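A.B. asks: Please build the complete structure, drawing on both the sequences and the hints.
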Amino acid sequence: MRHLFIAFVLISLAVGVCREPVRAQNDDKPVLLELPVAEPASGKATTGDQRVEALEKRLSEMERRHQQELEGVRRQMEELREQLKRAGGEPQAKPVQPPKPKTPQQEAEQEVERMLREAQEGKKPAQPAQPGKTGTPQDQLESAIEQMLRQAEQEPPPRPAGGLSVLNPKITLLGDFLGRVSSLPDKFGGRGIQLEDFASGDNDRFLMREISLEARAAIDPYADAVVKLSHAELGVEIEEAYALFHTFPESALGRYLEGWHAKVGIFRMAFGAVNLVDGHDLPTVDRPIALQNFVGAEGLIRPGISLSKSFELPGKTFGEWIIEVVNGQARGGELDPLPFTGLDNPLVLTRFKTFREFDKPCECDPTRWWTPWISCVGRSDLELGATAAYTARFYAPTHEDLFSFVEGLDLTWKGYDPRPNSYRSYLLQAELVASEIELDPDTVRCGIGAYLLGQMRLNRNWFVGLRGDAVQLPDVRGHQFAVTPFVSYFLSEFNRVRLQYQFLTQDAIPGQRDDVGAADGHTLWLQWVWAIGAHPPEPYYVSPRF
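Residue numbers (numbering that gives the first Met the number 0): 0 to 545.
Read the hints as simulated data drawn from the structure, not as lab findings.
Possibly wrong hints are sitting among the right ones.
What the hints assert, rightly or not - Calculated lysine to any residue pairs in the SDA-like style (CA-CA distance at most 20 Å, straight line):
(1) 169 - 249
(2) 352 - 260
(3) 308 - 249
(4) 308 - 258
(5) 352 - 249
(6) 352 - 539
(7) 308 - 242
This structure is a prediction, so every number in the text was calculated from the model and none was measured.
C.D. replies: Printed below as a string of structure tokens:
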């Protein structure tokens, strides 16, 4: 606009200076095209140069005022921008999304919905805006439905979000680092008196106990695959590798197995409450001493087949039945503790457990008598389980099989406060294991062990707990007792540190040739567990939110 004004003024000036005076037909006075230019003080007629100079001065003044106004506007904009930043950031204009074009299937669905709506309102359905279609409203409705079905069959299936990346497995890399200082003697390391992977006589040191690589992915609509590779000081091994069938294709076998889940491969067996849990996801550094004497320090891991089925019980209670048939001998020819060593024979396990959730504060909580100590628990879960396992091993002197039978009972209670911004939670876990082992055709040895663990979550990051163990050794005469307090700090869901102390004592029954010698000692552990990659499943003792 300013440039147009300047051009108009210059053109007018040129016309007013250069052309001759125009006289009217009936008037002798000259008529000039005059512009509002100030007359000089002398009163003489202004020349063309003077007029140009006056206009330039006036235009310069106007331009100066215009620049001042622009500067004022800029300052106001800067002030507004600063105010927006202080209030939470500059608003960003959202781009207007153009409406997506409708597919033929969507148009047909809308047509069917319109006809059904008009039919329900008692109106005569309007004729669809498609040429060449006549007939009754019923015919039109059927025609629209047929068109919708044809379009659905012709259109290709929608491509999943993320493209081919959804076919990639979820990969997680976990590390389990330990440090240990102990006064325990270097004997009887195979019976829970030493932590796994610590060689006899080399207890006080640091150790990268495990580097685990986990991959999980769907094989097809029927099954998922899970692979866990573990690297420790002894080398790389397949910790778990199995396919989990959550449904079966339509067939006679599929109808027979409806509702069952199947696990095929190498997996952790469902013995008790914690054998299914990896070592880095336990609430303590080591497995309970009572269990180490029966299932080993790493737990029962065997190749085989597992079947499980869940069902609903009365009173908002759910149950699960598990049947597993695996190799009697451990991987690589290794020998587990005698109760689970079945040479040339399979190991058969069955487990039944129930689960119930209590969601009424204090009213239905089975631990109401705890109220003076832990206050009211808003929600809690209670799980009860019973397990039995049987195997046999070949006895060469008599060429017959010697049996081993193990049974167990377990309880797990978890309570937490469901209120927002509250992380307080509790864990109570107990397990009892008993075994009968036929050492020779004339000798049967019985063993029994139990532990009790309690843990409390103080806030988002801190956990404290205590575990007690008592065991009568299953294959030799002797007893062990242990007390283990521990504290854990979660820096995040992927990074946690634990400090644990343990006092262990072992007595002996004199006068027996296979007595275990008495021993006791103190042990201090430092553990650091980290994870990178896909989000791993949270440990079972963490409340529903982190």
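A.B. asks: Mind listing which of the numbered hints don't hold for this structure, in increasing order?
C.D. replies: 1, 5
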